[in-house]
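Given the sequences, and given the hints that come with them, work out the whole structure.
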Amino acid sequence: MSRADIAAVITAHNEGDLAKVSMRSLQEAVAQARAAGLTVEVLAVLDNPDDETVAAFEDVPAGVRVERVSFADQGHVRNHAVSVTDSDYLAFLDGDDLWTENWLVDAFDVCGRDPGRVIAHPEVNWFFGHQHNLYFLADQDDPEFDPAFARIANPWDALCMAPRSAHADHPYADRAVADGYAYEDWHWNLETLVAGYRHLVAPQTIHFKRRRKKSQFMAARDAWVITRPSELLTYRWWSERDGRDDSSA
Amino acid sequence: MGWFGSGGLRRAKRQRTDRVRMVTHPAFYLAQAGVAGFEAPETLDVDGTVEHFAAVGQAAGARVSALFQPDCYLSRAQEAGLEVTGDPFEHWLEVGWDHRVVPTPLFDEQWYAAADTGARAGEWGFEHFLREGCYRKGRDAGPFAPNYGDNEAMRARERHDPVLMTGMLNHAERYDLRRTSWLEEGVAKGRERLDSLDDPRVVALVAKAAAIEPEIMDEGPGRWVAWLPHLHPNVVTATAAEDVRRSLPVDRADAVVYFPDDGPHDDALRVVEELRSAGATTVVAVTTGPRSRPPEGIVTADLRPRLTRLDRRQRLRVALDVLRGLAPAHAVAVDNVLGTRVLARHGRALRTEMTVAGRLEGRALDLDAMVEVQRVRDEQ
Chain A
0 MSRADIAAVI
10 TAHNEGDLAK
20 VSMRSLQEAV
30 AQARAAGLTV
40 EVLAVLDNPD
50 DETVAAFEDV
60 PAGVRVERVS
70 FADQGHVRNH
80 AVSVTDSDYL
90 AFLDGDDLWT
100 ENWLVDAFDV
110 CGRDPGRVIA
120 HPEVNWFFGH
130 QHNLYFLADQ
140 DDPEFDPAFA
150 RIANPWDALC
160 MAPRSAHADH
170 PYADRAVADG
180 YAYEDWHWNL
190 ETLVAGYRHL
200 VAPQTIHFKR
210 RRKKSQFMAA
220 RDAWVITRPS
230 ELLTYRWWSE
240 RDGRDDSSA
Chain B
0 MGWFGSGGLR
10 RAKRQRTDRV
20 RMVTHPAFYL
30 AQAGVAGFEA
40 PETLDVDGTV
50 EHFAAVGQAA
60 GARVSALFQP
70 DCYLSRAQEA
80 GLEVTGDPFE
90 HWLEVGWDHR
100 VVPTPLFDEQ
110 WYAAADTGAR
120 AGEWGFEHFL
130 REGCYRKGRD
140 AGPFAPNYGD
150 NEAMRARERH
160 DPVLMTGMLN
170 HAERYDLRRT
180 SWLEEGVAKG
190 RERLDSLDDP
200 RVVALVAKAA
210 AIEPEIMDEG
220 PGRWVAWLPH
230 LHPNVVTATA
240 AEDVRRSLPV
250 DRADAVVYFP
260 DDGPHDDALR
270 VVEELRSAGA
280 TTVVAVTTGP
290 RSRPPEGIVT
300 ADLRPRLTRL
310 DRRQRLRVAL
320 DVLRGLAPAH
330 AVAVDNVLGT
340 RVLARHGRAL
350 RTEMTVAGRL
360 EGRALDLDAM
370 VEVQRVRDEQ
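If you're matching them up, the sequences are chains A and B in order. Each residue of the first sequence is one higher than the one before, counting from 0 in numbering that gives the first Met the number 0. Each residue of the second sequence is one higher than the one before, counting from 0 in numbering that gives the first Met the number 0.
No lab work stands behind these hints, which were simulated from the structure alone. Bear in mind the structure is a predicted one, so any value in this text is a computation, not a measurement. Think of the CB as a built atom: it goes at the ideal place given N, C-alpha and C, for glycine as much as any other residue. Any given hint could be a false lead.
[Claimed, not checked] The calculated lysine-lysine pairs, modelled on DSS-like cross-linking and capped at a C-alpha distance of 25 Å, are: (1) Lys207/B x Lys19/A; (2) Lys136/B x Lys188/B; (3) Lys212/A x Lys19/A; (4) Lys136/B x Lys212/A.
[As the list claims (entries may be wrong)] One side of the interface only, derived from the structure: several residues of chain A facing chain B at Cβ under 8 Å: (5) Val20; (6) Glu100; (7) Asp141; (8) Asp145; (9) Arg150; (10) Ile151; (11) Gln203.
[To be verified] Stretches of chain A that chain B covers, calculated by requiring three or more beta carbons in the stretch to come under 8 Å of a beta carbon on chain B: (12) 21 to 32; (13) 63 to 69; (14) 228 to 241.
Here you go:
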């Protein structure tokens with residue numbers, strides 16, 4: 000079997016029936032992608048799932064592969080998904096979120112601007128549930144975007160479309176809150192920035208992100224944990240970057 | 000005699016005076032000095048600013064208020080059917096105000112009216128915002144307001160120093176503040192972004208998603224909006240951090256010492272000597288307290304001018320950024336509260352990257368205990 004264009008991966012843990020909603024959203028985006036001529040592999044990875052979540056994936060359509068793992072670590076779950084799929088690009092969806100149905104097609108188009116080097120993000124993260132807000136994500140090519148922002152906060156989350164190499168060469172680090180480290184997705188963004196990937200926005204695409212009372216992000220923020228060391232956090236890397244900019248000016 | 004009569008004229012004059020004073024923001028006005036071609040003292044209080052503006056700044060086209068933007072006023076006055084002649088600011092004070100024309104993109108009247116702001120029934124929301132609301136941190140001024148800043152300056156209302164000043168003065172060197180600012184540009188462009196969600200294709204896509212999960216259409220108390228690169232609470236933090244980095248002659252240190260917030264440097268200088276004796280060639284001093292002094296003869300990251308408008312969490316991030324940026328083998332805080340906080344709060348992780356130590360009032364800090372306290376708090 001030849002390699003698929005995209006692996007659409009949904010990850011779940013304790014979402015219960017909400018995962019059915021997300022699965023339906025994913026299926027609609029997959030249908031749009033296939034209608035556009037793309038080949039799509041669909042994988043669901045359930046990490047230590049509770050019974051309701053297992054039940055939510057019992058009657059998935061034919062062709063959807065369901066895997067159960069026991070990592071208790073979202074980064075490891077994504078790394079595992081990378082290892083068991085065979086596609087040029089991967090797109091992740093959390094088990095209680097939704098995509099607009101154009102996400103896979105439009106993100107794939109954006110990735111095609113520089114094949115293998117572009118990571119596509121939705122234009123908007125639309126939060127619902129416990130929070131109601133809109134977050135328009137940054138496009139790295141926007142001349143007003145200051146990449147130094149990435150030293151202070153995470154500009155993007157992990158629910159992007161990325162070439163396989165971005166995941167294979169830069170697997171997610173361990174989540175280690177007890178050691179003071181978390182924000183694996185932030186760290187992954189730093190590492191891919193250093194490696195030269197371009198984080199671009201796919202216009203008119205939206206991720207609907209369900210905010211429960213306390214998200215993993217909020218728990219990490221309150222715990223005063225930090226992202227793991229990265230070259231991008233060091234002034235030395237920025238000096239060299241300044242030098243590169245000066246010499247190219 | 001004009002149409003007011005002599006009593007009416009006095010009332011009108013008093014009203015104008017009251018209004019000018021209410022909208023005056025000294026820090027914003029003073030930020031335009033030099034660029035706008037006029038000179039001003041380094042600091043002015045509210046009344047001094049009003050006087051200086053009348054005598055000097057107004058003729059130079061300066062804005063005395065961060066919440067009056069001439070172009071916005073001209074556009075909105077026209078929408079309200081008002082013909083503006085002469086100085087737009089004077090026209091607003093005399094005419095536009097009474098027609099309740101909001102002369103800034105930073106304030107959303109409907110949003111403010113829907114929030115519990117304490118405005119009296121029938122009171123013009125913008126006047127309430129000018130008098131009180133703009134000095135309180137919060138989200139009431141509009142959907143973008145959570146990004147205006149979260150730090151109430153000391154005696155903000157007395158000094159007429161609105162929360163949104165942090166964003167107004169971000170990258171001030173790039174803008175002609177007489178006309179616009181980082182924040183006003185950001186909100187205008189953010190509004191365009193928001194309006195782009197009304198595109199028929201996007202509306203249809205959202206409707207399809209809502210057919211799967213109707214809850215996404217629930218707006219709750221109001222849907223606030225952030226967007227990079229302009230409107231995000233940490234944009235100003237990143238600007239401050241980058242200013243610090245660019246101010247330094249080194250990009251790597253063997254040791255970083257947070258110097259005392261106040262008082263003599265003797266203990267900190269002894270620490271520097273100890274570190275040098277132990278082989279640290281490049282030692283960088285970090286100063287953070289408003290009363291601290293940069294030490295002589297040591298490369299110094301002077302964070303003081305960059306921290307003044309940041310809240311506690313933002314200050315911590317800048318102080319952490321300089322530490323991880325310089326990637327030292329050793330970090331020490333000597334009578335420095337912010338530095339101590341960085342090492343205690345993030346000590347678990349930092350101790351895998353460097354040695355950390357602290358002294359406060361001559362005594363060694365038990366950072367192990369402080370880290371443990373933080374760990375227990377986290378677990379709770």
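Status of the hints after comparison with the structure:
no. : hint                : in the structure
1   : Lys207/B x Lys19/A  : 16 Å, holds
2   : Lys136/B x Lys188/B : 23 Å, holds
3   : Lys212/A x Lys19/A  : 20 Å, holds
4   : Lys136/B x Lys212/A : 23 Å, holds
5   : Val20               : 5 Å, holds
6   : Glu100              : 6 Å, holds
7   : Asp141              : 6 Å, holds
8   : Asp145              : 6 Å, holds
9   : Arg150              : 6 Å, holds
10  : Ile151              : 5 Å, holds
11  : Gln203              : 5 Å, holds
12  : 21 to 32            : holds (count 3)
13  : 63 to 69            : violated (count 0)
14  : 228 to 241          : holds (count 7)
Consistency with the previously given hints fails for number 13 only.
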